[in-house]
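Chains A, B and C are the protein sequences, given in the same order.
Numbering-wise (our numbering), the first sequence opens with residue 1 and increments by one.
Numbering-wise (our numbering), the second sequence opens with residue 1001 and increments by one.
Numbering-wise (our numbering), the third sequence opens with residue 2001 and increments by one.
A portion of the hints provided could be inaccurate.
[To be verified] Derived SDA-like pairs (lysine to any residue); straight-line CA-CA distance at most 20 Å:
no., chain 1, residue 1, chain 2, residue 2
1, A, Lys-62, B, Leu-1260
2, A, Lys-62, B, Gln-1571
3, B, Lys-1562, A, Asp-61
4, C, Lys-2132, C, Lys-2320
5, B, Lys-1358, A, Tyr-49
6, A, Lys-271, A, Ala-248
7, C, Lys-2164, B, Leu-1245
8, A, Lys-62, B, Leu-1473
9, C, Lys-2137, C, Met-2149
10, A, Lys-239, B, Pro-1079
11, B, Lys-1570, A, Tyr-49
12, C, Lys-2132, C, Phe-2316
13, A, Lys-53, B, Lys-1358
14, B, Lys-1358, A, Lys-271
15, A, Lys-200, B, Leu-1473
16, B, Lys-1440, A, Ile-52
17, A, Lys-62, B, Tyr-1551
18, B, Lys-1358, A, Ser-69
19, B, Lys-1358, A, Ile-52
20, A, Lys-171, B, Leu-1260
The set of hints was computed from the structure by calculation and includes no laboratory data.
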Amino acid sequence: MLAILAQAEKTFFLPPGRSTVAASHDGLYQFVLWMSVIWLILIAGVMIYFVIKYRRKSPHDKPVGPTHSTAIELGWTLPPLILVMIIFVWGFRGFMDMNQAPNGATRNQVIVAASKWNWSFTYAGGQNDGTLHVPVNTPISLVLTSSDVIHSFYVPDFRVKKDVVPGRYNKTWFQATEVGEYNLFCAEYCGQQHSTMVTKVVVQSQEDYDAYIRKLDEIIMTMPPVELGKRAYKVYGCKQCHSLDGIAGTGPSWKDVFGKTQTFADGSSRKVDENYVRDSILNPGKDLVAGYDNVMPTFQGQIKEQEITGVIELLKSISANYDGPILDKAPAAPGDEAGADAGDTSGGGNDETGETQLQE
Amino acid sequence: MSVIQDQVKVSGYGGQQGPGETNYINHSKGIMSWLLTLDHKRIGLMYMIAVLTAFLGGGLCAIALRTMLYMRSAPDVAPITTGTQDVYNQLFTLHGAILVFMFIIPAVPAILGNMILPLMLGAKDVAFPRLNLLSWYCYMAGATFFLFVLLSGGLDTGWTFYTPYSTSTSTSVAAATMGAFILGFSSILTGLNFIATIHMLRPAGMGWFRMPLFLWALYATSIIQVLATPVLAITLMLLAAERILHVGIFDPALGGDPVLFQHFFWFYSHPAVYIMILPGMGIISELMATFCRRQVFGYSFIAFSSIAIALLGFLVWGHHMYTSGQSAMTNAIFSLITFSVAIPSAIKIFNWLATMYKGSISLATPMLYALAFIWLFTIGGLTGVFLGALSLDIMAHDTYFVVAHFHYVMVGSMLTSFIGGMYYWWPKMFGKMYNETVAKVAWFLIFFGFNLTFFIQFIAGSQGMPRRYADYLPEFAIYHQISTLGSYVLAIGLFLVLYNWIQSLVSGPKAPQNPWGGNTLEWHTSSPPPHENFIEDPHVTEPYEMRAWDYDESIDGYVYDKAKAIELDKQSQH
Amino acid sequence: MSNEQKHTGDTGHGDNHHPPDHPAHLAHHFETPEQQFESGKLGMWVFLATEVLMFGGLFCAYAIYRGNHQDVFLYGYGALDKMWGATNTVVLLASSLTMAWGVRAAQKGQQKLLLTMLFLTFMGGVGFMCIKGVEYKAKWDHNLFPGTMNAFYYEAGQPKYPEKLEHAIEFIDGRNSGGNSGGEVQGGGGHGLLDADVPYDESPAIEHDAQQVGHDGAGHIVSASPVILTASFGAPADMSTIKPPASPADMGVNDAVIDHAGVLTTPSAEHTQVLWRDLSSAEQKKVHLFFGIYFMMTGLHGLHVLIGMILIAWLFWKAKKGAFNKDYFAPVDIGGLYWHLVDLIWIFLFPLLYLIH
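Could you build the full structure based on these sequences and the hints that come with them?
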């Protein structure tokens, strides 16, 4: 009976564990859970038994009972003391496993950049995406960094959580044990769209993962610039502040901005051209458009040259102030196949990376 | 309100107070006699009105946000808008900030403590009546700031004000921190007053170990209020300086350290958890003794466990920050000390159970709340064991598991003890009895509704539902639906309690001096007490020696037999 | 504060329940004047405990920042004037003495002496605040305000007020190097280091990351993608800055600068003082924090001095009306306790801010 309950309860309370640390965590969880159930039944049972047994028979009752016993007091202090010490040691050891990445994890290091309200993952080869892809059965080391407020990297299926604190680098690691897609949440309240800061961890076989990384490499080389710009718009979280439809957000909308003359906070002005766009991405505080706060982080080193070009072409393509040519062909795509291939990748990538579909 | 009770005449103190005598409520008239009063009982009443109003406000926020979450569970719901998210974020922030700073922290000390502490102690008033009144005005001023926040763009930082979000959001953080700062002052003044009162105003015969356990609990609470609140004050001042001047101490963009804010904040706010729960535990000790009609078991263990909890409570703040990136050693130390707090809490539970052993247990409404407290606090405490364990906390931190845990402790336990205490002392405070049937129905709704609302959240949290989410993935819908339904039941129960109390004030039967047979000193004076608390100095004996009180059917209350009390006292001295 | 309730003749609840045998100053809920006096004293001690904890928070913040940014504090404190600080310490200590004397006068019922001493104590407070004003004025003259107005304030990795910054550097460097540093050298050193494109900004980031990130496979990562590391970590230039002060990356940079500086200048002071160019670029962006902490600490203390002065003025007024005598001097005693605490806090503030190297 208990065994059946224990089985059912395995997924009733916790989601199935899909990482190497899950077993130890879940073991302790079960232990504390059943210990709690036993204590609760014991305490509530004694309480109800006393209520029935010693219920008041008459308002004239004047009962006398024992009032103190140091032996009993010390006696019942002992079991909880022993129990909590066991739990402490167990929990501490589990924590050290969660905390200390095994040797070799840094070979698969991913830099996790959190910003309001976007996750961005940079792989060891410099590729960048909005979902986290990892090979199965491989320890992955994560370096967490935030460009604005505190976020928290949380994957319930892996039993992993670590705060992403601006101004310092937190680290964590995990080793996924099952191929599949798992939820990745921001667990620390980070403002307006906190609840949409959800994406996926995609655990793949090593071959699929390698293919994925190759495709990320190819995207830059093969995707038409405007498409690449659209992809960057999502991956780097530009969409959180800049709209494409002319409605001002935290930052100016991108519509019709290319070719327009912007007035800056210090009164000067400049026509938006390629160099201005580039400056704005790499050094956003330099020419701040009047009426907006200086809140944008720099993307220096994070964004690649091809992607900057992509963003510029995207801006051109949606601007009425620009009537020149637009690069919409893949730069290194003489063959149709390569182009088509890249298009597929981008499509898939966009769906995964971009929006988090909470309600499908 | 009614003037005086005939039945007082037949009590052991009969004859001191005849018909036509006044009590503290009708002692003087006019609004100014209340607003300028120095009487601790009147100040307690004014606190009651203010704090319960805040409770209503914070509670309505809770209902609203639970309703919003329920609405997100429809299968074909539209994607959430930023406007909806803003409303939700403001609601959970106000819910937390109002209920923590304006309800849970002041509720028991400021209402019941002010009302009962001097009576229980046998004193004429608290040591510093003017400071006491000042603390009420501080409370009102702090509340005004929160009203201002409501009207001026709200607040969306969460009640924890974590930096750097709180330094960058455009909502009224500065006004809210000012409000919390002033409320903190009110809390310090109350604590200071209680410490001085308990030290200096004990009458002859009232030794430390003849003090009722509620007073021990209030004493422990006051220590925390006095020592922890100033740290919150300086933290909030630094936060305000950060907002206004951009000093940069907590803002990484300016070279500061945001995690330092968390250390400062929790150095206050973890002990504050014990400000919330310790007085509640004190009430439960009183209820257990009176409604089992016998001496409490392990008086000194219960008393010292309060002090132990208060002191250990100062050393565990880091357990709120296991995932913040602090060192493994730091985490281990905080985890170890956290577990050590479990022991005094367990001691209390066991002693209460042992007090029931061989007692004469009456299931009057206050006792039902005491029993509910034991159930809820046991669950709250045991789930605290989950969170104390490092590896389990990594998973559960900032999920609904934590939400459920602290609601079990801070709402379930604290609220049931508060309502239980209100019912227990209601006849003393107002001289009126309440409708027992309505009270019991309300109790059931609260107990059932509370468990329905929050137990399911343990499961949601274990499954990975993060807290403070305005929206959620479809797999979490069922938990939110059940939780919201539970919250409606809980709300109905609470409104029924309100109805019960109002009905009692309007048309409740007159209460006897001592309806329950308790022997702590507040039962040695009339209901409601006279302006100066005691006409004749009360007879101080063992606080839980109730055998000198005899039940009298004609008044449905208990009458004091002083001769017997003196005899019993002699026996106990041997 | 806690002594308010016992000064007046009107008793506690302001009604007719005042027992006839009570002296006028004894509140109705106390049995004896001693009990009332002891209560008041206990209340004030408890209140002082809250004050100590409140300042304790600030001292804690001070200790943490000092520990993490040693050089920033060594540099910033050069802006403070030790002479004025010492004078203020003497003024406060003297006022504490007069206060204690006043309490004794009150106990002995020496009305005139009491008034004199209270007056002197009050004047001590006035003197302290005036000197504080002179000091603040000196800071303001060099744009050393708390927060965004500070000359050392950086925005997005750039000095917000380059000209004011030059001026402030000249001011502090001048003081730190014993007052004879050449303007030329300042200009040269300052300019070079002010320039945001100096590589110091980036090199510590990379090395630091290498150290933080890859305790086992660091070489691999760093060599594979230095650009990325710098990029995501160096993003807002400040991000690389919170780290243990003794990290090799930091030290390396500091040494380099000092060597570099050694060529430019001959040491002018006997013992090495921290100059602007000795600070790493990350530390330079944090100098304004020192002033934030300085103003928070001294400002809150100054507020307490003001409250203490109000308290003493009120005591003076009561004493003038003849409220105190041999049997009733509790408010003077309790007010004195508060004044001593204010003094005590300054005794900690002065060495921490002005003296410690």
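Right, here's what the structure says about each hint:
no. : hint                       : in the structure
1   : A:Lys-62 with B:Leu-1260   : violated (56 Å)
2   : A:Lys-62 with B:Gln-1571   : holds (16 Å)
3   : B:Lys-1562 with A:Asp-61   : holds (18 Å)
4   : C:Lys-2132 with C:Lys-2320 : violated (29 Å)
5   : B:Lys-1358 with A:Tyr-49   : holds (11 Å)
6   : A:Lys-271 with A:Ala-248   : holds (19 Å)
7   : C:Lys-2164 with B:Leu-1245 : holds (18 Å)
8   : A:Lys-62 with B:Leu-1473   : violated (58 Å)
9   : C:Lys-2137 with C:Met-2149 : holds (14 Å)
10  : A:Lys-239 with B:Pro-1079  : holds (16 Å)
11  : B:Lys-1570 with A:Tyr-49   : violated (34 Å)
12  : C:Lys-2132 with C:Phe-2316 : violated (24 Å)
13  : A:Lys-53 with B:Lys-1358   : holds (8 Å)
14  : B:Lys-1358 with A:Lys-271  : violated (89 Å)
15  : A:Lys-200 with B:Leu-1473  : holds (12 Å)
16  : B:Lys-1440 with A:Ile-52   : holds (18 Å)
17  : A:Lys-62 with B:Tyr-1551   : holds (10 Å)
18  : B:Lys-1358 with A:Ser-69   : holds (15 Å)
19  : B:Lys-1358 with A:Ile-52   : holds (11 Å)
20  : A:Lys-171 with B:Leu-1260  : holds (19 Å)
Violated hints, in rising order: 1, 4, 8, 11, 12 and 14; the structure is consistent with all others.
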